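Participant: Protein chains in written order, with my numbering: chain A, 1 to 610; chain B, 1001 to 1306.
These aren't lab readings, by the way, just hints derived from the structure by calculation.
Treat the hints with care, since some could be wrong.
[What the hints assert, rightly or not] With a straight-line cut-off of 20 Å between C-alpha atoms, the simulated SDA-like cross-links for lysine to any residue are: (1) Lys1193(B) / Arg209(A); (2) Lys1071(B) / Pro543(A); (3) Lys1109(B) / Pro274(A); (4) Lys1112(B) / Pro284(A); (5) Lys1073(B) / Ala544(A); (6) Lys122(A) / Leu351(A); (7) Lys1109(B) / Gly283(A); (8) Lys1073(B) / Thr547(A); (9) Lys1143(B) / Pro1243(B); (10) Lys1071(B) / Ser373(A).
Fair warning: this is a prediction, and the values are worked out from it, not measured in the lab.
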Amino acid sequence: MGLTLERPAQAPGPTLPRPSSGSGRGSRARWVWGWAYSGILSVLLTLAVLLGYLVTGIASGTVDWAALFTSSTWNPGTLAFGGLAMIYGSAAVCVLALVLAVPIGWAAAIALSEYLPPRLAKPLRLSIELLAAVPSIVYGLIGIMVIRPFVADLGDVPGGDSLLAAGIVLAVMITPTIVAVSVDALAAVPGRYREAAYSLGLTRREVVRSAVLPQARSGMRAGVLLGLARALGEAIAVFMVIGRADGRLPESLGDIFASLVRPGQTLTTKLAGPEPMLAGTSGPYFAALCGLGVILLALVAVATVWGTRGSTGRTARAPRARRSSAWLRTPKDRVTTVVRLGALLLPGALLVGMLGILLARGGAALNPVFWFSPSEGAAGGGIRDQILGTLLLLATTALIALPLGYGAGIVIGTRASAKTARVLETLTVAIGGTPTILLGLAGYVLFCTTMGWGRSWLAGAVVLVPVVVPVVALTTAGRIRSMPAEITEAAFALGLTSSQYVRSVVIPYTWPATLTGLLLGLARAAGETAPLIFTATVFFGAPALPTGVVNAPVQALPTHIFTLSQDSGAPEAIAQAWGSALVLVLITAGLLSLAVLLRNRFEGARRWTT
Amino acid sequence: MSFMSKEIRSRASRLTGRRVRQSASAASAVLLLSAALTGCAGSAKADSDAIQASGSTTVAPVASDAAEALKAKGLNITVATQGGSAGGISQLGTGQINIALSSKPLSEKDHKAYPDTDFVTTQIGADAVGVIITKEVADGGVKGLSKAQVAGLFEGKITNWKEVGGPDLQVFVYDKEPGRGTREVLDKFIYGKDEPPAPPKSANYAIVGGNLETRNKLKSTRGSVAPLSTGFIDGHPELVAVPLEGVAPTLANVASGKYPMTRPLYMITNGKPKGTVKQYIDYILSPEGQKLLPKHGYLTREQMGL
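Using the sequences and the hints, build the whole thing.
Facilitator: As C-alpha cells, this is what we get:
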C-alpha cells in the first residue's frame, strides 16, 4: 500500500506547468489511450468475429429454425437437421450436474465459512480454489477411467457411456466453482450480523439460516450460474463419456430416467466432433452447425451474464419473517452440523482422491526424465515437446493478452460512464464465458481456412487470447474501482491530464491485480483443449518449436492427453496420459500459486475464482 | 466517493479538451490492430518445407511410421487425424494440407465440392473392415452373419444376440462417426449405392471416432459390435471378426476380393506428387515402406496383386 500511495505524489513533478493548449509537454502519455482503446477494441473485435462467424455461417445456407428446435433427427445425408435431442442432452446433463453439485457445494461452503475454525478453513479454501482451476481435460480423463466403469457397474449400462456419466463428470467439475464463489459470498457477510444473531441466543443453524444466508443468497446463486455456464460450455470432458449418439429423446415422462443411462449427445459434443470439418464453410450443413453454435452461445451468455449480475447488483431484500418452532432446536442444530461437515468431506475426498489417482497412475511425471526427453512414437518416451508447446502457446497468449486486457480494464475502470462501463463489463464477461469450442471453430475458419495458415501455433495462441483477456480486464477494472477516491482527486487537483493520470497513478496502483488476473487467465488457458484441436496441434510429427507461422503446428499437453485417452489402448499410452495430466495440473497449480502469492502480497481483494 | 471521482474525471477531460483526441486514439487503435492482423497475414508465407498429412486414423499409423523413418533424412512430416478420411479430403480441397490420408475412395461428391482440386490418388495398400464382436458372443454361437443380419444389428432391429443364434445377451452397437472411412465401407456393404438411413433411436447405440477408441470400447462393453479394421484386433483375443455371408476375413479371401468389406488405403494429393511429397509417397511404395503395412495388420500392394 505504501508503495502505491507514494507514486502519485511523485508523478506530477515533471508536469507541473500545465499546458494551456493541446500541444506541448503535457501530452507526454498520449500512447495511453491508443493502447487502452486497442484493448477494449480487441474485446469488441472478438465478439464481432464470433458473431460474424456464426451469422455468415447461418446466412450461407437456409436454417430451418423450427426443425432445429423441434425435430430430433440429425442426418446430414438427407439434410435433416434437428437439434432437439442435443438441446435435451445439454439440459439433462446440466440439470444432473446441478442436482448433484449444488446441495453439496452449498453445504460445503457453509461448513467451510461458518463451522470450521479459520486456521483449518483457509488452507481448505485454497485447495478448493485450486480444484476449481484443474483443467477440464483432467476431469475428462478421470471420467473415462473412473466414472465410466463406475456407471457401467452401477446401472447395468453397457460400457458406461451415458448422460448420467457426463452429468457426474460435470458435477465433479463444477462443485469447486460453486463452493469457491459461495464461500466468497458468505465471507462478505459482515460479522456483526452473526454476532447480533448469536447474542439473541440462536443456535448455529438458526444463525446461518436467518442472519447469514439472506445476505449471501445472491452471491451463492451467482456461483451456481457460473457453474452452470461452465457445464453448458464444456465440450471435451463430456465428449469422452457421453457416447455421442444422435436423436435420443425420452418417449414419455417415465422414460426420462431410463434415458439418463443411455448414450446421448449435447450441443458442445456435436460441435467438438468431426462434423465441423466435414461441413465445409458454407451451405445448409454448415449453417445448421452454426445455428447450434448460436443456441449454445445464447444459453451460456444468459447464464454467465445473469450470474455475474446477481453478484454485483446485490439487492438488499428484507429477510422474510419466519417463525421457526422451538421444537428439538438443539438436536436439529447437531444434525445440520453433521450434514454440513459431511458435505465438506465430499469435495475433500474429491481432492484427495484426484491427487491420489494422479500420483498413483501418473507417477512417471515425477521423474525429471519424463519432463525433459522427447516422445518416441505415438506414446513412448517423455513429453518435452508437449511441455514446450504448451509453454510457447501460453507465453504468446500472455504477450498478446496482457496489453489488450490491461487496456480494456483501464477503459472499463476509468473512462466509461457508469452505464457504458456496465455494458462493456457485461460484454467482457460474456466473452469470458463463451464456450471455447466456439472460439476454436471460429479460429479454425478464420485463420486456418480463410487466411490459409493451416495448423499453426500462432492461431492456437490467438484463439486462447479471448480466454485470458476478460480475466485480466475484469480484475484490473475491479482494482481500479476499489482505488481510494483521494488518490484520483489529488492527481487531478495537481493538474494531471487523464492520460498522465492513467500512466502515473492507475498503472502503478493496479499492476499486481493485473498480473494476478493474467496468471489466473493463463491457468485456465493452459488446460484448454477444444480450441487447440482444430487450430494448432497435430497427431504426430510437430517439431518441438515451430519455425514459421503457416503450417507450423505444435504439440500441447491438453490435446496430447485427449488423443492418448481417446485414441489409445496400449498401457504405456494410458500411463503417459496420466503422467501428462499430472504435469498439466502441476503447471496450472504453479501459475495459480504465483497468482495467490501476488494477491496476498499486494492486495486483499478476493473474487477471482470463476 | 466513486461518484465524486467520476465527476472529477469527466471535468478534467472536458477541461483539457480530450474528446477529439480520444476519438483519434480510438481510430489509431483500429489502425494498430488491423495493421497487426494484416501484418501477420503478410509475413505468414514461410515454413512450407514441412509436409502436412491428415485424415484417416486407419492410415495414420503407417503414415506416422514412414514419417519417423524419413525424419533421419531431413524430411519434416506432420500427421493429423481430426475428422477422419472425409476431414482429410476436405482439408486437401481447401488447400490446408499436402496429403489426405483416406481409407475410402473419392466420391462424386468430393469432386463436386472441390472442382478446382486435381485429386490424384495413390493406393498404398488395402485393409479389411470386420464386423467385430466379443469372444463371449462368438463362443455363444454367432459363427457368421448375413448381410440382412448385419443391417438388422446396425439399424437397431436386432437387440439381442439370441436372435442371430448367440447367447441371451443385449446387443450394444458402436457405430463410427459420419465421414469415417470404416463406416462408409459398412454402409456400402449393407446398402450398396443407396443412402443409409438415419441412425436408429435404440437405447443400445453409441458413436465412436478413431480405431483405437473403437477397440477400447468394444473390449469394455459386453455384447458389443462395431465395424473396425481387422488389423486392429490382431493380438486381442477377446475380440473376433465374424465371417460375413460365410466368408471369413482371411488374407486369402481379402486378397482375392471374396471378402465383401475390403477397402483400399490411399494417399491423395492435389496434382501429381512432387518434390518431398513424392519422396514420402515413394518411400511408402518401396519394399521397405510396404513392410509397415503388415506391421499394422494391413495388406501390401503386392498381396492385393497391384
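Participant: Honestly, which of those hints from before does the structure not fit?
Facilitator: 1
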